[in-house]
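Q: Next come the chains, spelled out residue by residue.
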Amino acid sequence: MRNFALTLLSLLFLFSAPSLAHKISAFVDVEDGSVSITSYFSDGTPAKNAKVTVYDSKGNVVVTGKTNKEGEFDFKLKKSGKYRAVVLAELGHRAVVDFTVGTPATSQPSESEGNQKVTEKSPRTGAESVNVSVQEFRKVLREELRPVHRELLKIEEAQSSISYRDVIGGLGWIAGIFGAFMFGYCYRRRESGDAS
Amino acid sequence: MHVSEGVLPGWCLGVGWVLTAGGLYLGLRSINGEKIPRTALLSAAFFIASLIHVPIGVTSVHLLLNGLAGALLGWAVFPALFVALLFQAILFQFGGITVLGVNTFNMAFPGVVAYYAVKPLLRRGTTGSLIAAGVLAALIGVFLAATFLSLELICTGSSFTKTAELAFLAHIPVAAVEAVVNSFVFLYLKKSGIKLEV
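These protein sequence lines map, in sequence, to chains A and B.
According to this note's numbering, the first sequence is numbered sequentially starting from 12.
According to this note's numbering, the second sequence is numbered sequentially starting from 52.
These are calculated hints, taken from the structure and not from any lab test.
Careful, some of the hints might be misleading.
Covered stretches of chain A, going by a simulated chain B footprint (3 or more residues, C-beta under 8 Å) [what the hints assert, rightly or not]:
1) 37 to 48
2) 65 to 72
3) 161 to 168
Here's a subset of chain A near chain B, in silico, CB distances under 10 Å, partners left out [claimed, not checked]:
4) G76
5) H104
6) A106
7) V108
8) V151
Ideal Cβ positions, reconstructed from N, Cα and C, are used throughout, including at glycine.
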């Protein structure tokens, strides 16, 4: 019986592999105005049916929706700019993620107008093909960078999971705090023992 | 069952901190020298337990062990869980610093209730009563925590019955696993001649 209890306990502790956890994380993939939000519990199970609210930079609600079975929620945003998505899963789990639609230069309206003027001017002065090739170039670049993009998302996901280092560090902290407590207690008891 | 940062309104967080501060005061007063290592051990166990997790339907749940910690610690469960939750918040981003008060109360108070509930059973000390104590501690710890969570989430506008239903359903397997774990721990401690009641 005793051995069984010990085995059970040690098994439980073995199962606590650091990837398992209990919070949700949200990841955003933006491509040309179509946005895909994926939400996971930090062990990798998708957060199904979680409420997603997207706010623009002024705090207005732009899009609301729910994640599907894979924890994904896709939508389109026409206006470029900075957005914030809040994912609210059941039982009080919440994740916030900021993202930008469009190139950083066009994220501010005033600047984008300036850019527009430049591009409008350039065809008049130069060859018209420049404007077209910029569009094409962007497309090609996006295709080329897709693997890198995926890789970055993967790294972001991996970073949000838990490492053994943190677990052991936390246990060390707990031991340290209560150790200090014990030290204080023993010190005080010895002091009072000397006095009496 | 950690409430995330930014879910609850400010007054709710404040109430949580006040209740937790009261619990911490009573808990720290009740800790004497022999109880410190026990508190530290159960604090560490609770810290780790949140990493053992079971995916259930739309959500995922983890072992709580707050019933066990409560039954073995009494009011000292407050400091034990406070420290564990603090480091979970800092290192794993479970919950958060501002919601620490609410989360500590959610977990620790059911532990205290479990302590008073199982005290007579632990004192009797027969195998049957120890198993009963383990089951009772698990049920009280898990389901009372789920009730508190559902009550708090009313603040966010979700209906109590819906959240409670989900929380209860999700935590049935947790309670079952914990009942087994608790019973074995109690039996093991009894066999090793360690005093169960504090």
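Q: Confirm or reject each hint.
A: Status of the hints after comparison with the structure:
| no. | hint | in the structure |
| --- | --- | --- |
| 1 | 37 to 48 | violated (count 0) |
| 2 | 65 to 72 | violated (count 0) |
| 3 | 161 to 168 | violated (count 0) |
| 4 | G76 | 16 Å, violated |
| 5 | H104 | 5 Å, holds |
| 6 | A106 | 7 Å, holds |
| 7 | V108 | 13 Å, violated |
| 8 | V151 | 38 Å, violated |
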